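K.L.:
The lines below spell out each chain.
Number of protein chains: 2
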Amino acid sequence: MAESTNSTTLDLSPEQNAQYDMITRRLQEVLGGEAIKAILKEGRTPKAYWGTAPTGRPHIGYFVPLTKIADFLRAGVEVKILLADVHAFLDNLKAPLELVQHRTKYYEYVLRAVFTSLGIPTSKLHIIQGSSYQLTREYNMDNYRLCATVTEHDAKKAGAEVVKQVESPLLSGLLYPGLQALDEQYLDVDFQFGGVDQVSLLLLPPIQHIPDRYVYFVQRKIFTFAERYLPRLGYRKRSHLMNAMVPGLMGGKMSSSDPNSKIDFLDSPEVVKKKIKGAFSEPGNVEDNGLLAFAEAVLFPISQLKVDQAKGTGVMDEDGKEALSTDPKSFASDNAPEGTLFTVNTKFDGPMHFSTYEELRQAYKEEKLHPGDLKPAMVDAINRLLDPIRKAFEANEEFQKTESLAYPDPNAKQPAKKKKEKVYHPPPPGKGKNTKLNDAPSADAKSESAAAPDTVNAS
Amino acid sequence: MAESTNSTTLDLSPEQNAQYDMITRRLQEVLGGEAIKAILKEGRTPKAYWGTAPTGRPHIGYFVPLTKIADFLRAGVEVKILLADVHAFLDNLKAPLELVQHRTKYYEYVLRAVFTSLGIPTSKLHIIQGSSYQLTREYNMDNYRLCATVTEHDAKKAGAEVVKQVESPLLSGLLYPGLQALDEQYLDVDFQFGGVDQVSLLLLPPIQHIPDRYVYFVQRKIFTFAERYLPRLGYRKRSHLMNAMVPGLMGGKMSSSDPNSKIDFLDSPEVVKKKIKGAFSEPGNVEDNGLLAFAEAVLFPISQLKVDQAKGTGVMDEDGKEALSTDPKSFASDNAPEGTLFTVNTKFDGPMHFSTYEELRQAYKEEKLHPGDLKPAMVDAINRLLDPIRKAFEANEEFQKTESLAYPDPNAKQPAKKKKEKVYHPPPPGKGKNTKLNDAPSADAKSESAAAPDTVNAS
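From first to last, the protein sequence lines are chains A and B. Here the first sequence is numbered in the working numbering, starting from 1261 and rising by one per residue. Here the second sequence is numbered in the working numbering, starting from 1261 and rising by one per residue.
Don't take every hint at face value.
Each pair may be met inside one copy or between any two copies, as identical chains are not told apart.
What the hints assert, rightly or not - Result set (BS3-like, lysine-lysine): computed pairs, CA atoms no more than 27 Å apart in a straight line:
(1) Lys-1497 x Lys-1354
(2) Lys-1533 x Lys-1607
(3) Lys-1571 x Lys-1628
(4) Lys-1533 x Lys-1635
(5) Lys-1481 x Lys-1416
(6) Lys-1417 x Lys-1497
(7) Lys-1354 x Lys-1416
(8) Lys-1625 x Lys-1537
(9) Lys-1635 x Lys-1534
(10) Lys-1628 x Lys-1589
(11) Lys-1651 x Lys-1635
(12) Lys-1416 x Lys-1533
(13) Lys-1307 x Lys-1481
(14) Lys-1533 x Lys-1589
By construction, these hints were calculated from the structure, which means they are not laboratory data. Note that the structure is predicted; figures quoted are calculated from it, not measured.
Bound-form chain A, shown alone (with noise of 0.2 Å):
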């Protein structure tokens, strides 16, 4: 349930309550619901924003936030997916700037794909390059100003508790914080989402085992940071949304070099079996289990969605007519009874059919429902959710061609190239200030794969 650190004061229509009920539902936290509610009152629409860079393959932990934005964009919120080109870019200097942009082109691709798939219509939902605005004159003078502003003491804190586990930190983690609070002003926006990615742009280089708890503690400071710091520019304090954390899918400890770690958005039915298989998820234990975290954050929410779909409820497209997910059917078998979102066919028992995550979470911590049996329910949900993505990328050759050119077989062999000698002429003063990110000097070209990030959120 959200938990809104201000009191009720704004009465609300049945229909305002609603919309921001599946704005802020199943929400670890929420500040500055007052001011979300205040937007609603007046009729107007929510603005809000998640970030993520696009560094390595983004996976399916990544259906965590966007099954949260779904609930932003059926609430009718106009919601902007911040692709942070610039930061993937620091993230990692020695990938070409050139990589970076096939990247960001992917994770487009792949988001686009996902909404689709879901029957989100995405006319309210804008995605929006880092490099489009935080290159400009406005901008780095904001990030001057702040930088005047900001103790070095204030900027640590914000990102203290996983920068200090860094041997020797980087500056830019100090900057970090700053730039992600200049972000809600320049999107415009009336809240952030705090998502899978926030806590891994802190962290050059990235850092792999971070404990779930720091993680969210990190996102926390960030954010409260932002609503600290942008007053003191002049700027409006934004609200903030931030999901639960959760352990990854996989479970147990997840390495960004095992491809096995994390399941790909184009993984075949068979390697997704194979991993789920392969996945840590100890009978009865109902904490460390990414399993259930991923069925409580994604399974049972978009089963839901269907239904509401199925029955008429789901969400308008801009024409007025009615979205409807690629595979229209829950996760209930077809037999289950009414309000079943979740079915698991059991070996010894029969089917197991379950309304909500609570009575899933039970079953599974009375050791009714084992393992064995959860793992394949899981292989077939999770088939069913990627095989529309799938079908989109088999069908759209620029949507292969981009996979392929931002992250290349490190095996294939490459072409002999004469390194050349670097040689960069800046432009004389106050000229060039239109040049594309493309154009900037760049470190020499590497083929290599970022680290994506190992740690999801969910509520």
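Position chain B against the provided structure of chain A, taking the given hints into account.
P.N.:
Using the frame of chain A, we list chain B on its own:
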């Protein structure tokens, strides 16, 4: 004498050697002298930059770096003076940007008036505003690249000795060493000259009483920081020329809030007399003596310049004509022996003639020359330096208008002004890149006078 850390391996012509000697004479330290020699050897024009932040009123301590810059210009160096308006704005966020623009213009008037008065042709002198290039995409991308390369620890070390004296240093203090390194690249110079203002850039808020040894220490650290990190971005390492630190002209502790502690370029002859009379100058003490330091760094070199100009060995302007100081007479009395550069008329012993600073120093040390005699000679010399500046000011209405806008009388009555609520609408992403600095949002206007640097450099 200039010390080069590199052994002389290049065989220069006598003219090139003379050029190099003029560039490096009277400096405390030269880092990368060989690179400058190589440029001279190739017959190219060396390019240099010196930066200052147009904050408080420029005082006559600026004669110290300007006297050295006159050497560069005489040696045919292309000199860029960076008026760091962005830094000046950040130095005191309460001062509106408009005020900074007026101050920048005022600094330019003063600097040009000084060079004109000394008969130094300014065809190879470029005065550049920081805002003309420091807010571009390329510069900021490089700033981010640098921040993703430099550790917090290294950035801190570059300014640590001073910054640690501040209770809560601002984040900007960690950025400045990097920005100063980038300026070398973006101003496209071969060397940077360390003058009066390098340290004050680091100090936000400004500190008034930094021991001189720290100031020099920090300046050197910032320069070696630049030498270390610029190549990491793929840019060429630049050379660095450093003036020695000298105590402020007035000696003792100076305070920016006390106008008597500094001599303004526009002070009247009577005010100069009064201030010098009050300057700290202990008989026999040649170490902590601002008057002697000023004589060494400014009066002797400028007197020599005038002698050279009279002999026709000064410097040609671009038409090949001999340029002359506005006041062509040296600081020797009319009937002084050949080679005299400075004459002091003493109360009891008649005129004392000095052809080198060392002679002056020795006489003072042995108390053959008393401060009571030195002071009137200093008053006379300084007034002769200032006279053409004052005249240029009186003759130029724009200069006068700029001065009153740049440093408005804090006691003048302000027209009653209704305070408006500030609303800033950021441009949509990707728009508004070409907006002028003036258009950026700024804090409320307030009449104030920022602190000028309190320590000056000299040989």
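K.L.:
Checking Lys-1497 and Lys-1354: alpha-carbon separation at most 27 Å within a copy, between copies, both or neither?
P.N.:
between (36 Å within a copy, 21 Å between copies)
K.L.:
Between Lys-1571 and Lys-1628, at a C-alpha cutoff of 27 Å, which is it: within one copy, between copies, both, or neither?
P.N.:
Result: close neither inside a copy nor across copies, 32 Å intra and 106 Å inter.
K.L.:
Using 27 Å as the alpha carbon limit, work out where Lys-1417 and Lys-1497 are close: within a copy, between copies, both or neither.
P.N.:
For Lys-1417 and Lys-1497, the Cα distance is within 27 Å only inside one copy (19 Å; across copies 34 Å).
K.L.:
Up to 27 Å between alpha-carbons, please classify Lys-1628 paired with Lys-1589: within, between, both or neither.
P.N.:
within (26 Å within a copy, 105 Å between copies)
K.L.:
Within, between, both or neither: how does the pair Lys-1533, Lys-1589 come out at a Cα-Cα threshold of 27 Å?
P.N.:
within (21 Å within a copy, 94 Å between copies)
K.L.:
With identical chains treated as interchangeable, where does the CA-CA distance between Lys-1307 and Lys-1481 reach 27 Å or less: within a copy, between copies, both, or neither?
P.N.:
within (22 Å within a copy, 46 Å between copies)
K.L.:
Between the shortest in-copy and the shortest cross-copy C-alpha distance, which are at most 27 Å for Lys-1651 and Lys-1635: within, between, both, or neither?
P.N.:
within (24 Å within a copy, 90 Å between copies)
K.L.:
My question is about Lys-1354 and Lys-1416: at a cut-off of 27 Å on alpha-carbon distance, are they close within one copy, between copies, both, or neither?
P.N.:
both (26 Å within a copy, 25 Å between copies)
K.L.:
If the cutoff is 27 Å on CA atoms, where do Lys-1481 and Lys-1416 land: within, between, both or neither? Let me know, please.
P.N.:
both (10 Å within a copy, 23 Å between copies)
K.L.:
27 Å Cα cut-off: does Lys-1625 pair with Lys-1537 within a copy, between copies, both or neither?
P.N.:
within (19 Å within a copy, 89 Å between copies)
K.L.:
For Lys-1416 vs Lys-1533, is the C-alpha pair at or below 27 Å within one copy, between two copies, both, or neither?
P.N.:
The answer is neither: 43 Å in one copy and 51 Å across copies each exceed 27 Å.
K.L.:
Up to 27 Å between alpha-carbons, please classify Lys-1533 paired with Lys-1607: within, between, both or neither.
P.N.:
within (17 Å within a copy, 103 Å between copies)
Of the hints listed earlier, those the structure fails to meet are numbers 3, 12, in rising order.
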